[in-house]
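Q: Produce the complete structure using the sequences and hints provided.
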Amino acid sequence: MASGSNLLETVSVTMRFGGLTALDDVTYTIKEREVRGIIGPNGAGKTTLFNVITGELQPTSGKIFLRGEEITHLTPHIICQKGLSRTFQLTFIFPEMTVYESIWVGVNSRAKRPWNPVTLAHHVADLSQKTQEICHLVGLKEKMNELASNLSYGDQKILEIGMAISTQPSVLLLDEPTQGVSPKETDNILEVVERLSKKMTIILIEHSMDVVLRLCHIITVLNEGRVIAEGSPDEISKNEEVQRIYLGEIS
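Quick note on numbering: the sequence shown equals residues 0 to 250 in numbering that gives the first Met the number 0.
In case anyone wonders, no lab produced these hints; they're calculated from the structure. Given the structure is predicted, the values throughout are model-derived calculations rather than measurements. Ideal Cβ positions, reconstructed from N, Cα and C, are used throughout, including at glycine. One or more of the hints may lead you astray.
[As the list claims (entries may be wrong)] Cross-link-like lysine-lysine pairs, in silico, BS3-like; alpha carbons within 30 angstroms at most: (1) K142 to K198; (2) K183 to K197; (3) K237 to K197; (4) K129 to K198; (5) K237 to K30; (6) K197 to K142; (7) K129 to K140; (8) K62 to K30; (9) K129 to K62; (10) K81 to K30; (11) K197 to K81.
[Unchecked claim] Pair ranges (Cβ atoms, derived): (12) F91 to H216: 22 to 30 angstroms; (13) F93 to E132: 13 to 21 angstroms; (14) E229 to S207: 14 to 22 angstroms; (15) G179 to S236: 21 to 29 angstroms; (16) S181 to D24: 21 to 29 angstroms; (17) T118 to K237: 57 to 65 angstroms; (18) T118 to Q57: 21 to 29 angstroms; (19) H121 to E193: 31 to 39 angstroms; (20) E239 to H122: 56 to 64 angstroms.
A: Shown next, in the form of structure tokens:
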């Protein structure tokens, strides 16, 4: 049974693909408004963990809880409705839609549609206001009418974050949000994530230790599908096993 004080919890989650164990008895808890980093070398199981949490994959064993409710066997759509949203390592956007249209789709999906024609105009205005607020929150209000395909790669990453939060999540999962972008674009993305961290819980996979140390309250380290360390950024940066397995790999 999950603890009522935990927002998100995995309990002994194992994921096997044939003879390969991608996740091995992974247990951890996330608190409200926490920014959690998930780090580890390539093949450590980081993205597999995200896929299991969001219902893209069904774990071989173990359980996942959101606000004390088990979500282990729910579909990604239902899990999203319950307040958990994500971005992907390879950016997923609608290239032929504008920034505004891309975010409006998510806002509209969560809205209750009025049956009374009298209130329809207010409903449409409310959707527009919420869409513009998200555009402003992620720093894309001046680019609302631009096609997603015309944005820089960094802005496309930010747009994907905007699309993810348009469903009003309480937990946002970011899969390598700064991968492949310039230092300036990285700073822009981190500023967005820092703003969002005041409104929701964030879990992010990152290879950049600078990013993780700047953003995260707690860091979980995976290696070969197992949690090998967990602690504050200072504790993790001084952990000898982490230095040997992870930090040494990217130095």
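Q: Does each hint fit the structure? Answer for all of them.
A: Do the hints match the structure? See the list:
1. K142 to K198: Measuring from Cα to Cα gives roughly 23 angstroms; hence the hint holds.
2. K183 to K197: Within the cut-off at roughly 22 angstroms; holds.
3. K237 to K197: Distance ~28 angstroms between K237 and K197 Cα, so the pair holds.
4. K129 to K198: With a Cα-Cα distance of about 15 angstroms, the restraint between K129 and K198 holds, given a limit of 30 angstroms.
5. K237 to K30: holds, 24 angstroms
6. K197 to K142: It holds: about 24 angstroms lies between the C-alpha atoms, which stays within 30 angstroms.
7. K129 to K140: Holds. K129 to K140 sits at ~12 angstroms (cutoff 30 angstroms).
8. K62 to K30: Holds - the C-alpha atoms of K30 and K62 are around 17 angstroms apart, at most 30 angstroms.
9. K129 to K62: violated, 34 angstroms
10. K81 to K30: holds, 16 angstroms
11. K197 to K81: OK: K197 and K81 at ~20 angstroms, within 30 angstroms.
12. F91 to H216: 22 to 30 angstroms: holds, 27 angstroms
13. F93 to E132: 13 to 21 angstroms: holds, 20 angstroms
14. E229 to S207: 14 to 22 angstroms: Roughly 19 angstroms apart at Cβ, these two residues keep to the hinted range, so it holds.
15. G179 to S236: 21 to 29 angstroms: Holds - the Cβ-Cβ distance for G179 and S236, about 24 angstroms, lies within 21 to 29 angstroms.
16. S181 to D24: 21 to 29 angstroms: For S181 and D24 the Cβ distance comes to about 39 angstroms; the hint is violated.
17. T118 to K237: 57 to 65 angstroms: holds, 58 angstroms
18. T118 to Q57: 21 to 29 angstroms: Since T118 and Q57 have Cβ atoms about 41 angstroms apart, the given range 21 to 29 angstroms is violated.
19. H121 to E193: 31 to 39 angstroms: holds, 33 angstroms
20. E239 to H122: 56 to 64 angstroms: holds, 58 angstroms
Checked against the numbered hints given earlier, this structure breaks hints 9, 16 and 18; the rest are met.
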